[in-house]
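Asks: If you want this note's numbering, it's the 1-based position in the sequence shown plus 391.
Where hints are given, some of them may not hold.
As the list claims (entries may be wrong) - As a list, the in silico SDA-like pairs of lysine to any residue whose alpha-carbon atoms are at most 25 Å apart:
id	residue 1	residue 2
1	Lys-414	Glu-446
2	Lys-394	His-452
3	Lys-394	Ala-432
4	Lys-394	Leu-455
5	Lys-394	Gly-468
What the hints assert, rightly or not - Simulated restraints on C-beta separations:
id	residue 1	residue 2	range
6	Leu-535	Gln-462	36 to 42 Å
7	Ile-401	Ala-530	25 to 31 Å
8	Ile-401	Pro-488	23 to 29 Å
FYI, nobody ran anything at the bench for these hints, they're computed from the structure.
Glycine included, every Cβ here is placed at the ideal spot set by N, Cα and C.
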Amino acid sequence: MHKQLVITVIGPDRPGIVESLAKAVKQAGGSWQASSMSELAGQFAGILQITLPGEAVASLHTTLEALPNLQITLAEGEDHPEPQQQLMMTVTGNDRPGIVEELAATLCRLSVNVIDLTTGCEPAPHSGAPLFFAHTLVALPDSLDEEQLIEALEALSDDLMIDIDRDEDA
Numbered sequence: 392m393h394k395q396l397v398i399t400v401i402g403p404d405r406p407g408i409v410e411s412l413a414k415a416v417k418q419a420g421g422s423w424q425a426s427s428m429s430e431l432a433g434q435f436a437g438i439l440q441i442t443l444p445g446e447a448v449a450s451l452h453t454t455l456e457a458l459p460n461l462q463i464t465l466a467e468g469e470d471h472p473e474p475q476q477q478l479m480m481t482v483t484g485n486d487r488p489g490i491v492e493e494l495a496a497t498l499c500r501l502s503v504n505v506i507d508l509t510t511g512c513e514p515a516p517h518s519g520a521p522l523f524f525a526h527t528l529v530a531l532p533d534s535l536d537e538e539q540l541i542e543a544l545e546a547l548s549d550d551l552m553i554d555i556d557r558d559e560d561a
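Produce the entire structure from the sequences given, and follow the hints as far as they go.
Replies: Shown next as structure tokens:
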């Protein structure tokens, strides 16, 4: 029987980390399903989902633990049905302390589940002032429509812009 694992990895960034992870997964007979990996403040931070034979979990864990200077955690995954109402959106506004908490609190209050979230700051085109952005995939509950979500998020601040990605292939 195959198992799904979610693996988190963090440690000082250096070349070869992804290769080491991929090699360990391949040697265990696993298949790399999805991942998100970044260098943040000099640290490599990654999360990946794999499937592999159940009997290979222990040996994979041993191999991963032997990788130098990395903290690695394995968690067993489970199948979940796809949410019916998913929405890809980008939130943009002037950066300020607490903006992620405000967004997260609003989504929680509306029972919106965050499936994927990428945030960052970049200089605004004309002023150079820090501009916050959040690219997110969310699952809406049946009781909430897209317009209600947009109104709730725009109510957080006059400068927040909400863009919905309507490309079905994205």
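Asks: Taking the hints in turn, state whether each one holds.
Replies: Evaluation of the provided hints:
Between Lys-414 and Glu-446 the CA atoms are separated by roughly 18 Å; this keeps the pair inside 25 Å, and the hint holds. With a CA separation close to 13 Å, the supplied pair Lys-394 and His-452 stays within the 25 Å bound. Distance restraint check for Lys-394 and Ala-432: the Cα-Cα separation of roughly 33 Å exceeds the 25 Å cut-off, and the hinted pair is therefore not satisfied. Between Lys-394 and Leu-455 the alpha-carbon distance is near 17 Å, which keeps this suggested pair within the 25 Å criterion.
The suggested pairing of Lys-394 with Gly-468 holds, with an alpha-carbon distance near 8 Å, which does not exceed 25 Å. Between Leu-535 and Gln-462 the C-beta distance comes to about 37 Å, which sits within the given range of 36 to 42 Å. Remark: the range hint 25 to 31 Å for Ile-401 to Ala-530 is upheld by a beta-carbon distance near 27 Å. At roughly 24 Å, the beta carbons of Ile-401 and Pro-488 sit within the given window of 23 to 29 Å.
Checked against the numbered hints given earlier, this structure breaks only hint 3.
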